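> Single-letter residue listing:
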Amino acid sequence: MLNDPLPVASRTQTRSAKKHADHGWRLGRLNLELRQYMSPWYQALILGSALVVGLGVSAALLVAAGVKPAALFDEFIVDNCTDPENLHSILFQAAPLIFVGVSAALAFRVRFWNLGIEGQMIWGGIGATAVSFYDTGPPALRLFLMMVFAALAGAAWIIVPLWLRVRWHINEIIITLLLNYVALNFLLHLLYGPWLDPKDNFPHSPQFRAFERLPELGFGISSALVLALLFTALSGWLVLVTRFGFFMRFVQNNDRMALAVGVPIGLVTMVSALFSGALSGLAGFVIAAAQEGRLTQSYFEGYGFSGILIAFLARSNPVAAMVVAILVAVLFVSGRSLQVFYQIPFAMVQLIQAIIVICVAASEFLMRHRVHWVR
Amino acid sequence: MVAALKLVGVRKSFDGFVALDDAEFEARAGEVHALLGENGAGKSSLMNVAAGLYTPDAGQIFVDGEEVVLSGPREATACRIGMVHQEFKLVRPFTVVENVLLANWRGRFAPGVRETERQIKKKAAELGFDIDPKSRIDELSIAERQRVEIIKVLLAGARILILDEPTAVLTDEEAVRLLKTVRALAAGGAAVVLVTHKLGEVTTFTDRVTVMRNGRAIALLNSRATDAAQLTQLAVGTTVASPRRASSPPGEPCITVKGLRAARADGHVTVNDTSFYIRAREIYGVAGVGGNGQTELVEALTGVRAPLAGSIEIEGAGDATRASPERLRDFGIACIPSDRFGYGIAGGLSVVDNFCVGQIGEGIYGSWMRTNGSAMREATTEAVGEFDVQGVRTLRQRAALLSGGNAQKLIIAREFTRNPKVIVAHSPSRGLDVRACAAVHERLLTARARGAAILLISDDLDEVLSLSDRIGVMTRGRIAAEFEAPADRQAVGRIMVHHA
Amino acid sequence: MLHFVVNWLAGTPSFATPYALAALGLIISERAGVLSLGAEGFMLVGALAGVATELQLGGYPGIALLAAMLTAAIVSLLFAFLVVFLRVNQVIAGLAVVFFCHGLTSLVGTLGGWTNRAITGLHAVAIWPLSEIPIVGKILFTQDIVVYLAIPIFFLVNYVLTRSMLGLRLRSVGENPEAADAAGVGVSLYRLGAVLAGSALIGLAGGYLSVVDVKLWIPDISGGRGWIAIALVIFARWQPWRALFGALLFGCIEALIPRIAAAGIQVPQYFLLMTPYLATIAVMVWAAMTKVGRSNEPAALGQPHVREERR
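Chains A, B and C are the protein sequences, given in the same order.
Numbering of the first sequence is given in the working numbering, commencing with residue 17 and proceeding in unit increments.
Numbering of the second sequence is given in the working numbering, commencing with residue 3 and proceeding in unit increments.
Numbering of the third sequence is given in the working numbering, commencing with residue 206 and proceeding in unit increments.
Everything labelled a hint here was simulated from the structure, so no lab data went into it.
Incorrect hints may have been included.
As the list claims (entries may be wrong) - Restraint ranges, calculated between C-beta atoms of paired labels, are given here:
(1) C:Ala487 <-> A:Glu317: 24 to 30 Å
(2) C:Thr495 <-> B:Arg491: 46 to 52 Å
(3) C:Ala487 <-> B:Lys182: 44 to 50 Å
(4) A:Gln355 <-> C:Gln471: 38 to 44 Å
(5) B:Gly350 <-> C:Thr495: 34 to 40 Å
(6) B:Gly433 <-> A:Cys97: 54 to 60 Å
(7) C:Ser369 <-> B:Glu175: 39 to 45 Å
(8) B:Leu310 <-> C:Gln471: 47 to 53 Å
(9) B:Arg138 <-> C:Ala487: 42 to 48 Å
(10) C:Val296 <-> A:Trp389: 28 to 34 Å
(11) A:Leu88 <-> B:Ser73: 45 to 51 Å
(12) B:Ala112 <-> C:Val211: 50 to 56 Å
(13) B:Ala377 <-> A:Leu343: 51 to 57 Å
Unchecked claim - Listed below are several chain A residues computed to face chain B (Cβ distance under 10 Å; list not exhaustive):
(14) Tyr53
(15) Gly64
(16) Arg158
(17) Val257
(18) Phe260
(19) Phe262
(20) Phe263
(21) Val277
(22) Val279
(23) His388
To be verified - If you want a taste of the chain B side facing chain C, the calculated C-beta under 8 Å gives, among others:
(24) Thr79
(25) Lys91
(26) Leu92
(27) Pro113
Quantities reported herein were computed from a predicted structural model and do not represent experimental measurements.
Don't be surprised by glycine CBs; every beta carbon is placed ideally from N, CA and C.
Bound conformation, chain A alone (with noise of 0.2 Å):
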């Protein structure tokens, strides 16, 4: 009988019925495998529920610290949308969020690690508020120099990290984070020292002229969110458009197989990394020139963190990441007035965006696994 193929369907016939009686109590469990494909659709629909979780963990928080419930619908929708000064200064807000959020993105795009956000726009202030210490070239073209300087030094403060990350494989994440903490201490050193308000004796540097200044353009316009939005569409072009931004795709999906395609993942790494410290150190600029007029201690802090968060959400898109920056611009709007009226700390707007990494971060198992129950 072993001679001839059996057909299997006739020896199913032993199937027995003592599976259900033996195990019927069984409950079951969990079973992961990895997904191959899912509908954008549902996709946008797994992202869109994880962003109302992490908003409403937001919410309960904020009721939890004492703001009443229909306060907080006032506080963040009914304000930000009817009053013009609330708009303006969310419109003013954006400008250095769009900075590094897009300078997050270009990092992200050729899995470049920027968390140096803050070192670069640290030095980017310090490069602008130099030209304006100095008194450095005549002053129709001094804003310019401000800002040119203050790329230049953004990108430098990136320079270190970069080849030893090219060079000797050396994790960049720890790197320009350490980093931070020097620049952090040079500015300290520049602002209890030699930049010394003299006229106050205040830890800050003195007043920028008023052609130093970046102005207004009228219906609460800046010149400063002018200049973001210019910059977000040369990145665009650069990453959407340019065959350098073919490139870009190639490194940050799978750097090995784009390095034996003959992508030049070297170049691309380092050009994108440059321009993204660029992109920090405008950030300072425009908040010295725009916002603070000066150069202050603090002016940095967690512009880092929503850089990632931005570029994270946008999936590294630097259209998508102005989008992004403008509504993350609502809640560090929302947030101060917060502070102001309920004396809720300034730390709730990072907490509320950690929260919301988390909730978007974690709603990706469901894009990347499936989950089925077996019995």
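With chain A held as given, fit chains B and C onto it using these hints.
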């Protein structure tokens, strides 16, 4: 007689892909039972179910007639089922003893190294293996690692022993030795399942054979009463004619490699003084057991890894020893890597991107300022048609969704559209089914007829023997011997093992 | 001069202890394959929990340190859940957790009114008569209890990691989770346990900073020490004793900063404050340049494990 292991109505799918569809299997104590089928037929999946690694969507598992529920490898071990996987489940920086201990924890805090060492030595002596329990897995050869796996599984008390393609990584001689050991184990009362796609092993070394196709067990035969023709017919369905080689005289040397030396990332020198040349209209086959420097040779030739010494010369371009991958591609080198989803394709990007990246530097898809999407799509559509890449629903689809065979065809489309002068193909048919495999071979022969110099590196000796014009045998990082086609299989095999 | 050196070396252990404990905690979780970038955050949580406990109880620094460990372990559950069970990218999860802890601690510290309030903290214990030995006595035997405890903790962890079945199984999870799984080791369970145990030690390091060293809580009190500890682990090639050596090195550097100012040597103070960070970078470069052969890095560090993966 009650079967030692019996699987009934097993169904398993991976995210919609049905790997097992109502599969049946049984093995008795005292027999060597072959599980035969093509790649992707579901052999490994079925055995992973039996080993507790995969949870089936439906179906039952019986051990000695008792139904069991295996919720993990630990339960499988408790049922005395042990599996030697194709990719060994060994922790490489650990010693042999530590690996055995890992799988045989008796709940104590201290490991009990001495006692386990004694057990390993005893078991090794029984099986005729020579293994030092104190050596690190890193330092062992593939064959030795496999012996460690077998000892590990047996010491865990396995009475149902599953071996997943055990001979795929062995030379002919090592394979025969292993299969004899396996027979001895069966004679001692164990039920041995031998997963394989080699017909010769089935007819010579096993008692019964279950043939699988498309996730189903389609036949159960007595091994002695069948023959290769019947098994092929069952396993493949239709027979595919192997491509015929047209003989044309080779031209001048196209690429010359002299005294090449290259090291792995960890500093270990794996390519040591390798020299060979390949002429135009010639396939130069490199035979050898995997891990003898093949990967690093490919990397050095494609510019991914800088060689430590030696030279690579390409006719018409001159010295190309430390050229970057971009320059080498400009010189006319193309590569089909062995790890196709690791080095051949960016899985997260679209089919268009993956095809066009090969030639985008030449400016045919728009200038550096603006890539021309429609030109890219047109070129891709054409290539997908010409190279018969199946399963492309839209060009925007992620390349990771392609099956292995179609991903390989896409890589070949990208690499061959440029009419390369030199082609480096590393295990180009690994893991492909018979049809895809034939298509890949056909492409290589076409490229050869067109005038390319082809380096074919493969672990599969049959592939090398059937396609190559000249064959070099690579052992311990150098070409130990060269043969003109047609080469004697035995002679090549001897060099592979003995020329250490 | 001798006085300067003795005072400097006697100050070293209390600066080295947080680095040593945090690095040891990181080694535990990284040996199991979990890249714990959240260390800086867990240190902050430990620091705040320690001060808050002591302020609420009005003393009991020992309990405060236990609370620091416990709280850090509880917060690390969030991280463990993300990376072990949800298989979130470990870098993203680690960063998110750091910023979460940053925000959480400064918020809770302010709302609870625990910021900038001095506590009595834990004091040094002289081990008489050993403390009376000239020079050595002051350096080695006038430390606080945590410094003394750190040594047996290192022995214990090193012993468990290298000599016990528990350690063998834990390391197998970090080296090759597929093999560990096939050998019946519960990969998720071991990773969870490693993260919890590791972050408890990191929390203790944070608690030490606030309860023993500074004796108050201010936001961002850890000042990047968590990141330095991560670099230390790379420098130490994932081996506890080398990590202890590295921690002592950093303790020396940090202990030198206040001494130099006190000795009246004119160096701009902010440049001095940069030195630990610059030293860390130097140490990482050194580690990368001297890397020969195996680096001892757990092979599956940062890799999620999914059993039913199909290629």
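> Hints first: check each against the structure and report whether it holds.
Structure-based check of each hint:
no.	hint	verdict
1	C:Ala487 <-> A:Glu317: 24 to 30 Å	holds, 27 Å
2	C:Thr495 <-> B:Arg491: 46 to 52 Å	holds, 48 Å
3	C:Ala487 <-> B:Lys182: 44 to 50 Å	violated, 59 Å
4	A:Gln355 <-> C:Gln471: 38 to 44 Å	holds, 41 Å
5	B:Gly350 <-> C:Thr495: 34 to 40 Å	holds, 36 Å
6	B:Gly433 <-> A:Cys97: 54 to 60 Å	holds, 57 Å
7	C:Ser369 <-> B:Glu175: 39 to 45 Å	holds, 41 Å
8	B:Leu310 <-> C:Gln471: 47 to 53 Å	holds, 51 Å
9	B:Arg138 <-> C:Ala487: 42 to 48 Å	violated, 33 Å
10	C:Val296 <-> A:Trp389: 28 to 34 Å	holds, 31 Å
11	A:Leu88 <-> B:Ser73: 45 to 51 Å	holds, 46 Å
12	B:Ala112 <-> C:Val211: 50 to 56 Å	violated, 43 Å
13	B:Ala377 <-> A:Leu343: 51 to 57 Å	violated, 37 Å
14	Tyr53	holds, 6 Å
15	Gly64	violated, 22 Å
16	Arg158	violated, 32 Å
17	Val257	holds, 5 Å
18	Phe260	holds, 7 Å
19	Phe262	holds, 5 Å
20	Phe263	holds, 8 Å
21	Val277	holds, 5 Å
22	Val279	holds, 7 Å
23	His388	holds, 8 Å
24	Thr79	holds, 6 Å
25	Lys91	holds, 4 Å
26	Leu92	holds, 6 Å
27	Pro113	holds, 5 Å
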